[in-house]
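Novice: If you're matching them up, the sequences are chains S, F and W in order. Note that numbering that gives the first Met the number 0 has the first sequence beginning at 0, numbered continuously upward. Note that numbering that gives the first Met the number 0 has the second sequence beginning at 0, numbered continuously upward. Note that numbering that gives the first Met the number 0 has the third sequence beginning at 0, numbered continuously upward.
Any given hint could be a false lead.
[What the hints assert, rightly or not] In silico DSSO-like links for lysine-lysine, alpha-carbon gap of 27 Å or less:
{"no.": "1", "chain 1": "S", "residue 1": "239", "chain 2": "S", "residue 2": "482"}
{"no.": "2", "chain 1": "F", "residue 1": "315", "chain 2": "S", "residue 2": "310"}
{"no.": "3", "chain 1": "F", "residue 1": "182", "chain 2": "S", "residue 2": "127"}
[What the hints assert, rightly or not] Computed spacing ranges between beta-carbons, pair by pair:
{"no.": "4", "chain 1": "W", "residue 1": "141", "chain 2": "F", "residue 2": "315", "range": "53 to 59 Å"}
{"no.": "5", "chain 1": "S", "residue 1": "317", "chain 2": "W", "residue 2": "7", "range": "50 to 56 Å"}
{"no.": "6", "chain 1": "S", "residue 1": "326", "chain 2": "F", "residue 2": "315", "range": "20 to 26 Å"}
{"no.": "7", "chain 1": "S", "residue 1": "266", "chain 2": "F", "residue 2": "309", "range": "48 to 54 Å"}
{"no.": "8", "chain 1": "F", "residue 1": "309", "chain 2": "W", "residue 2": "239", "range": "32 to 38 Å"}
{"no.": "9", "chain 1": "W", "residue 1": "287", "chain 2": "F", "residue 2": "27", "range": "54 to 60 Å"}
Because the hints were derived from the structure by calculation, they are not lab data. Backbone N, C-alpha and C define an ideal beta-carbon position, used for all residues, glycine too.
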Amino acid sequence: MQEKDYILEVKNICKSFYGVEVLHNVDLGIRPGEVHALVGENGAGKSTLMKIISGVLDKDKGEILFEGKPVERMDVNRAQDLGISIIHQEFNLLPYRTIAQNIFLGREPVKNKILRTIDDDEMNRRSKELLGFLGMEIDPRTRVGNLGIAQQQMVEVTKAIAVDSKVMIMDEPTATLTKKEIDMLFETIRKLKSQGVSIIYISHRLEEIKEIADRVSVLRDGYLIETLNIEDAPQDLIIKLMVGREITNQYNREYFTPGEEILRVENLSSYRFNNINLSVRRNEIVGISGLVGAGRTEVVKSIFGYDKFEKGSVYLFGKKYNRLNTRLTTGLGVGLIPEDRKTEGVIVTKPIRENIVHASLRKLFKRGLLDKEVETRVAEEYREKLNIVTNSINKLVQFLSGGNQQKVVVGKWLCAECDLLLFDEPTRGIDVGAREEIYEIMNELAKEGKAILMISSDMPELLGLCDRIYVMKDGKITAEFQKEEATQEKILAHSI
Amino acid sequence: MKKTKLLKGKEGLGLLVGIIVLFIFMSIFADNFLSLYNMHNLLKDTSILLIVAVGMTLVILVARIDMSVGSTMSLTAIVTTILLRDGTHIVPAIIAGILCGVLIGLLNGYLVGVQKLNHWVTTFATLSLGKGLALVICDGQIINANSDHLKAIGHNSSVFLGLHVFIWIAAAIFVFMLYVLNKTKFGYKLYSVGGSEQTATLAGMKTSTSYISVYIISGVLASIAGILLASKANNGNATIGDGYEFNAIATVLIGGTPFAGGRGGLTGTLLGAVLISTLKNGLRFIGITPSLQFVIIGVVILIVIIVDVVFNERRKLEEIRRVEQ
Amino acid sequence: MKKKIWAHLLRNSSIILLIVIVIVASLNANDPVENFFTVMMSQAPFMLVYCLGMTLAIIRGGLDLSIGSVAAFSSYIGALLIIEGYIVPGIITAIAIGAAIGLFNGVLISKINVHPFIATCGTNWVVRGLVLFILAGKKIFGFPEGFKLISTGSIVRFSNTMKISNPFVISIVIFLIVLFVLRKTVLGRQIYSVGANPDATRITGVDTAIVTTIVYIMSGMLAAIAGILYAAVLDCAEPTIGYEYGLMSIAATLIGGTPLSGGKGGVANTVVGVLIIVFLNNALAVLGISHLWQQAVFGIIIIFAALINRIKERQLMLLEMY
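In isolation and in its complexed conformation, chain S is listed as follows:
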């Protein structure tokens, strides 16, 4: 295939966030009128790449060619003008506006040039047409907020086809659709394809890809691994390429006989998850695997008392609780290392010293009076223990690297003498060297008799660290594996 035959091509795209490179020299070419599937694990860089193509994010390096010509400055308007549209993974709909108003957001047809009056009839008529094209018999004057989630997704699709696009990016469009709606969507994709529209299709569901895609590209850890014709790509090959990372011995995990049970969750339910049962014992690291949105974070936050749950109970240190709050759980010795480090884990505008004693103020200073000497001593102790790289414990946390920030969060809970630690994506956005240190710390904690429950989207990490792994899908636990029986393929098969 000649280069000039590509309608859209990206070359050597690089992108980093906070010093962590998430895309490395990615090359990708899209042919006119093809459905090009893009697959990869959580955090492989798919969404970032698509955001760069659609102008939402700026690239650090590399170039984007459209119809053979390089595009100098890509932004949202430029991308729209070129005919690149995107259906984002998160909804970008206004719930209080009608379907038609959402479909034509920012591009409303105007009937009077001076007053810029909007031609409502035209808008509704064309919306009805477009909706009909997707097989949706629904009044375009309905408010989007009154629709079900699947219908909202279809509105997103309609929004994308309303622009005369040449390239349409669909980021997990079927995650919330039923079989019937998926068939309808595929029908639409085929129609669009026959009109020469190219589609970049991101999905975790490999059967779908088999059904709809012409070619498939695999991203892994920010590298584009391979692009294959769909005929040459059986499912097991795709899975192998997706998880192809070797499990190195960077984990150095020692295993111990588990001690007493510290956490047991029975039939825990809320509107985000259903009937969750799990347990964690001392000296154990237990993992929860699953796709983003499977309800993992919500389960952990409910166990911690940060979110409310509706039914079921949580046993902490042998005692049963039907309602929890953070004051109670932290008092018992539970600590949460949240996924969103900067907004929930640390106070970035405060020094390391203050962050480390943050959760143990009442324990350290029983009379309610701060003692700077004690504070400094304790902070120094954990800096040393966790090897936090800094020239001073008075440095503001916002100037630390992600890895060192994470160590501060861990230090905060160790200082509070926690026995049960809940890690939510412990190594997200952390570079390789610091990752190993975090793993070492976790291993050390398990050795000391602490219990760890961790969520991770990084499968080698789960396999390398955990005694047991639960797999979650759509708010339910679908499988539990002992470390001996767990493989990446098995886990993936239960989560998608």
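Put chains F and W on the given structure of chain S with help from the hints.
Specialist: Structure of chains F and W alone, referenced to chain S:
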């Protein structure tokens, strides 16, 4: 309890019921409340509040606030009356007054929309700036405009087709803004920016221009209201607009445009303005002292705000729930 | 090195501003030293007391606009008792009323999630209305001598001519207490962390609603104390007390360098801010500018202080990165 119901009402139906209940209540307790004269007066008062509240609706629609409307009214009233007193023609005097509103709106819009300063404190600061300037210009005195033209606008006899000029002006502004908000690209954009700044940005919109324009509109409308207030008594003073920001905010909230932005509209605001004016008029009629009126209105407004917040949070939660299931 | 100097200059910019103002003021005044002290002694104490409350609320990530009416209301109710001779019960009642209104604000803000601005502005409106309604324009004056001693007496005296007035001493003591709470106690640390990052603070097991409520209770109590002091000095409780408190205290806090974003700054900054405001106020008078300018000037000061604080924060962040 009554207020909760009002806000839950289907598209203003509850509000209408509230107004009717209030009317019945007032007509029982105050003899002449339902008289033609008082009804006309009530509509006149409503007109001024409505003009200010229309501007406030646009600001709240984009999830911002404008505390400075009251002082903009005072400043405009002072500037216009002082120019008239010194013999300026009515047209340039009014234009100069409205210019005050434009400038304060522009300042608000620039600080909030471009500099991204906290909109509460910024407009609070421009509130005292406007009021301070008004005080300085009038030297703390009541300015007697002595203008027949100004008097002609506000006088009880300036009636057109049976209704006072104020009512016609408010109606014109209301209908025009209703059209702009519901039918033009500009109005659509306000709903998008207020609904979700991110969604608007992803659709390629520039949000700062929306903020600047709503603040300017709010300023101009406050100026117009200020001139009307001044014309009523043919004079102006620096406290003429005091408290109007609160009345306007309450009007907008009662009318179903919540602080969260992106939702609601002017029809509710119209009903809200009628309700607040009726309450004020009625309290006066029953013979409650001005200071107690002040307290009662304050309590009502506070309740409205609390209900708005509580109701909105519950609604948000329910929505997440419904979408997730 | 150069960067370090810059960072220091930026961090202490409000002190530098104060020094410049003092120098300019003393160059112009006839008897700079005496002038300086008389102004400070007479105006700064009350202002500092109610500004401390505002600073606490701003550090917590909100603000308290009700302080003016709280000062008026509580001092009036207190005065009703004091005029009958019950001095101590009167003062306690006044402070308790301040605390109660603060509690109301705190619950509105932390439990019902009303925006601090609108909540306290609403309380301000209602309480001011109550003051106007109950007082109906009346003034209470002719307090017992014991109460007037609060303003006229001086506990600390070096000689008959060298003495420090009581309001000054009281405000310093209160300032030191608030400073101690903020700097040296767990509660103070929690106030800062709730302001800086409420989510992360809740995750560490702190009940952020209680911390918030305590802040507003303190703010209400401080406003009540300011009101009492003011009544003692004027020998009069009147309905117009505190109209300008909200505006002045926001200006003083911001110009002192406590940013609106919360979790930063402190009451020591506010002392500097108060002194700057007092000087500016005085300068307006000395220059023969009508007091009517006050509101406009302080509105502009707030806008500039907010803008400067933001630029300062950004610059400091860039400088401290290395």
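Novice: Taking the hints in turn, state whether each one holds.
Specialist: Results of checking the hints against the structure:
At roughly 20 Å between alpha-carbon atoms, residue 239 of chain S and residue 482 of chain S fall within 27 Å of each other, so this suggested pair holds. Of the supplied pair hints, the one linking residue 315 of chain F and residue 310 of chain S holds, its CA atoms being roughly 21 Å apart against a limit of 27 Å. For the given pair, residue 182 of chain F sits about 19 Å from residue 127 of chain S by alpha-carbon distance, which is consistent with the 27 Å threshold. Range check, residue 141 of chain W to residue 315 of chain F: Cβ separation about 56 Å, and the 53 to 59 Å hint holds.
A hinted range of 50 to 56 Å holds for the C-beta pair residue 317 of chain S and residue 7 of chain W, which are about 55 Å apart. As the Cβ distance of residue 326 of chain S to residue 315 of chain F is approximately 25 Å, the hint placing it in 20 to 26 Å holds. At roughly 31 Å, the beta carbons of residue 266 of chain S and residue 309 of chain F sit outside the given window of 48 to 54 Å. Separation of residue 309 of chain F from residue 239 of chain W is about 34 Å and conforms to the stated range, judged on CB atoms against 32 to 38 Å.
Between residue 287 of chain W and residue 27 of chain F the Cβ separation comes to about 58 Å, which falls inside the hinted range of 54 to 60 Å.
Comparing the model with each numbered hint stated earlier shows that hint 7 is the single one that does not hold.
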